[in-house]
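This is what each chain is made of:
There are 2 protein chains.
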Amino acid sequence: MLASALRDGTAERRCVFEAFTRRLPDGRRYGVVGGTERVLEAIENFRFDEAELERLAEDHVVDETTLSWLRDYRFRGDVDGYPEGELYFPGSPLLTVRGTFAEAVILETVILSIMNHDSAIAAAAARMVSAANGRRIIEMGSRRTHEESAVAAARAAYLAGFTATSNLEAGRRYRIPTAGTSAHSFTLLHDSERAAFESQIAALGADTTLLVDTYDISRGIATAVEVAGPGLGAVRIDSGDVGVLARQAREQLDSLGATGTRIVVSGDLDEYAIASLRAEPVDGYGVGTSLVTGSGAPTAGMVYKLTDVEGRPVAKRSTHKESRGGTKSALRRHKDTGTALEEVVFRTGRGFEDPKAGPHDRVVPIPLVRGGERVEDLPTLEDNRERLRHALVSLPWEGLKLSSGEPAIPTVFQAEETA
Amino acid sequence: MLASALRDGTAERRCVFEAFTRRLPDGRRYGVVGGTERVLEAIENFRFDEAELERLAEDHVVDETTLSWLRDYRFRGDVDGYPEGELYFPGSPLLTVRGTFAEAVILETVILSIMNHDSAIAAAAARMVSAANGRRIIEMGSRRTHEESAVAAARAAYLAGFTATSNLEAGRRYRIPTAGTSAHSFTLLHDSERAAFESQIAALGADTTLLVDTYDISRGIATAVEVAGPGLGAVRIDSGDVGVLARQAREQLDSLGATGTRIVVSGDLDEYAIASLRAEPVDGYGVGTSLVTGSGAPTAGMVYKLTDVEGRPVAKRSTHKESRGGTKSALRRHKDTGTALEEVVFRTGRGFEDPKAGPHDRVVPIPLVRGGERVEDLPTLEDNRERLRHALVSLPWEGLKLSSGEPAIPTVFQAEETA
Chain X
1 MLASALRDGT
11 AERRCVFEAF
21 TRRLPDGRRY
31 GVVGGTERVL
41 EAIENFRFDE
51 AELERLAEDH
61 VVDETTLSWL
71 RDYRFRGDVD
81 GYPEGELYFP
91 GSPLLTVRGT
101 FAEAVILETV
111 ILSIMNHDSA
121 IAAAAARMVS
131 AANGRRIIEM
141 GSRRTHEESA
151 VAAARAAYLA
161 GFTATSNLEA
171 GRRYRIPTAG
181 TSAHSFTLLH
191 DSERAAFESQ
201 IAALGADTTL
211 LVDTYDISRG
221 IATAVEVAGP
231 GLGAVRIDSG
241 DVGVLARQAR
251 EQLDSLGATG
261 TRIVVSGDLD
271 EYAIASLRAE
281 PVDGYGVGTS
291 LVTGSGAPTA
301 GMVYKLTDVE
311 GRPVAKRSTH
321 KESRGGTKSA
331 LRRHKDTGTA
341 LEEVVFRTGR
351 GFEDPKAGPH
361 DRVVPIPLVR
371 GGERVEDLPT
381 LEDNRERLRH
391 ALVSLPWEGL
401 KLSSGEPAIP
411 TVFQAEETA
Chain A
1 MLASALRDGT
11 AERRCVFEAF
21 TRRLPDGRRY
31 GVVGGTERVL
41 EAIENFRFDE
51 AELERLAEDH
61 VVDETTLSWL
71 RDYRFRGDVD
81 GYPEGELYFP
91 GSPLLTVRGT
101 FAEAVILETV
111 ILSIMNHDSA
121 IAAAAARMVS
131 AANGRRIIEM
141 GSRRTHEESA
151 VAAARAAYLA
161 GFTATSNLEA
171 GRRYRIPTAG
181 TSAHSFTLLH
191 DSERAAFESQ
201 IAALGADTTL
211 LVDTYDISRG
221 IATAVEVAGP
231 GLGAVRIDSG
241 DVGVLARQAR
251 EQLDSLGATG
261 TRIVVSGDLD
271 EYAIASLRAE
281 PVDGYGVGTS
291 LVTGSGAPTA
301 GMVYKLTDVE
311 GRPVAKRSTH
321 KESRGGTKSA
331 LRRHKDTGTA
341 LEEVVFRTGR
351 GFEDPKAGPH
361 DRVVPIPLVR
371 GGERVEDLPT
381 LEDNRERLRH
391 ALVSLPWEGL
401 KLSSGEPAIP
411 TVFQAEETA
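Here the protein sequences come in this chain order: X and A. With the first letter of the first sequence counted as 1, position 384 gets the number 384 in this note's numbering; the numbers rise by one all the way through. With the first letter of the second sequence counted as 1, position 310 gets the number 310 in this note's numbering; the numbers rise by one all the way through.
Here chain X stands alone, though its shape is the one from the complex (with noise of 0.2 Å):
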């Protein structure tokens, strides 16, 4: 496409390229934007080196002209778009990518890339964070994907209100809380269980967690306080039916004296069986498998379409499957209550008015790239952390519901020219 755009000139048509969803996975009442930030970075440090150039060159891939374009590339255009944490719903327009076709275009896998898979861990930690109600909630799943899909999983869980992950790679790179925890193994190696704990408070003091269900839970639990005394800082439950073992091992914790140790479980959770547990005296759920595969819906299926060509809207139209074309910004409704009520996405540009925005509702994208260059002062991960918070509040209860259902409030097009 690129070598052919080149020849022929329009390579250098000014074009806009959205990101959007036609749908929700199956059931889903929200998505969750994550990724934007990394897109950003990876937009910026977009550049082909040369080895990546001798290959293309060896294997024919493109001709000569192409490839001294692409020894030059460099984005240069102007990016608006859903900041990270913020709700979306069906035909959000989530990244509006200005720019020549050939700038803007060879950017599409890298940033769908990015959005799909951010967003679709964002989404599923939003639920499991909903459904764990304020108790601690850590993010364990790495070892089930991809070595650096994992260190943007924990990134996204984490955005999502996770309160730690135990991937020490994302908490480097991303500076967000980390939290251990030790493995069958460790007690396996040992002589003895009591000899496993033993060592692991030497090393690490008493308000550690150990893990008790490697041998039989309640003789697990009785010598884990016997070493640890009742300062002991949590014990976790990995298998078995974790509501009913997390009741007894409260009961027998507090027969201990051990009134303040808390109960951590995790093994193949997913939304659905942390509300479950909701009654029950966890105190800290560990969330793997579920969590890095989207929990249903490992890719949020965004799609990244033309839209404009030299300021004229483009769409394809062979099917049902529905492109809008134009450039388009969103106002998210509230009612006066700040319960959001409608996703209003319309066209800007010559001939079109916004909407009118009453005082509680807002313009949701934000300007992130002007002139190639990061717009400054953009929120920080930890604002966007905050930003999902609010906007989780704000939806119609509906909405916060793990069953399967409609999007939680409508997505609303007006595109009718006002000039």
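Just so you know, nobody snuck in bad clues.
Label-pair distances were calculated between CB atoms; the ranges are:
1. A/Arg370 <-> X/Glu280: 47 to 53 Å
2. A/Arg370 <-> X/Leu400: 53 to 59 Å
3. A/Glu398 <-> X/Leu381: 46 to 52 Å
Since the hints were derived computationally from the structure, they do not count as laboratory data. Cβ atoms here follow ideal geometry from the backbone N, Cα and C, with glycine treated the same way.
Put chain A on the given structure of chain X with help from the hints.
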């Protein structure tokens, strides 16, 4: 764990860890090993740099002793395992790592990340290749998964028999064939569909694939043949009821004399959709989302368990989660016809006798690492691609059915001590 074990001296105990899966994803009849080669590379490169160590120190994640141990880390043990492209079943000993506790335990996450991801993709890909029944099938899913997973997914798809990938970085990194395609944006960019087709043909010649469904498919095909002539390489249809459309397209192409022009279909295809198109005049498939998300099984669910400490078998005992202690190998038994019969998982080492192998049986794991050094002349990606092709042919015919079912062959655990 590491800090505690270094402190109490157990870190140096000789251990064996095994990667295996307790079950296949729901209804799957076989698993496909992917990622072994990437695991070996990751083990070779497993080092801690100063930035990483600094962060661990700053945040008091580990103590001084552990930091200095990590600084000098390199794996010096042995690894045996299933080569890539091999089939596996519940309990197959996919990777066996022998070394000190410390050096083997810290590899858990990277080993499982790689194998869980790559095997999930390879298994989905193998089912799609079976369904495509010899037709070309191209991996185009990069934008629906994490940007680095995308590269690994392209590799796993090629291992499993895909013809090519649209991921150029995978082509460069692993020397696998790449294939491109033009998007609707390329057509929309131009003043007309005809102008877009003319441009593409001027750049790439008539033996290219024109995307014909931007406006109206039959007009698109007519224009494509007018512009390219009957020597047009292929047309691609990306939306609608592709079976019906492919038949209409074939008739139209034939009537225009373009009898050699191929028809490529894409757009939310999975193994079932591919199979349902078997009777249609489709020459090639482009597969995206369902491939890179493992077609419903985005992770292979492998675990990494300690099985031996200083020659003594160990296993968790608290629940029904089956774990079998002791170092194991596996023999795949076959009938005289070459059809696989069963996976015999057997204990190795002192006191155990290997099961008798018939002329068609073979021990599945191979040596991969000795004393920290990768074994020489390991099979290549091409060898392993061929391995899978052969292995699939050896399955009982029910094993290749796409419908849900039991594992294609049973796993038999042979654990009687003979001495």
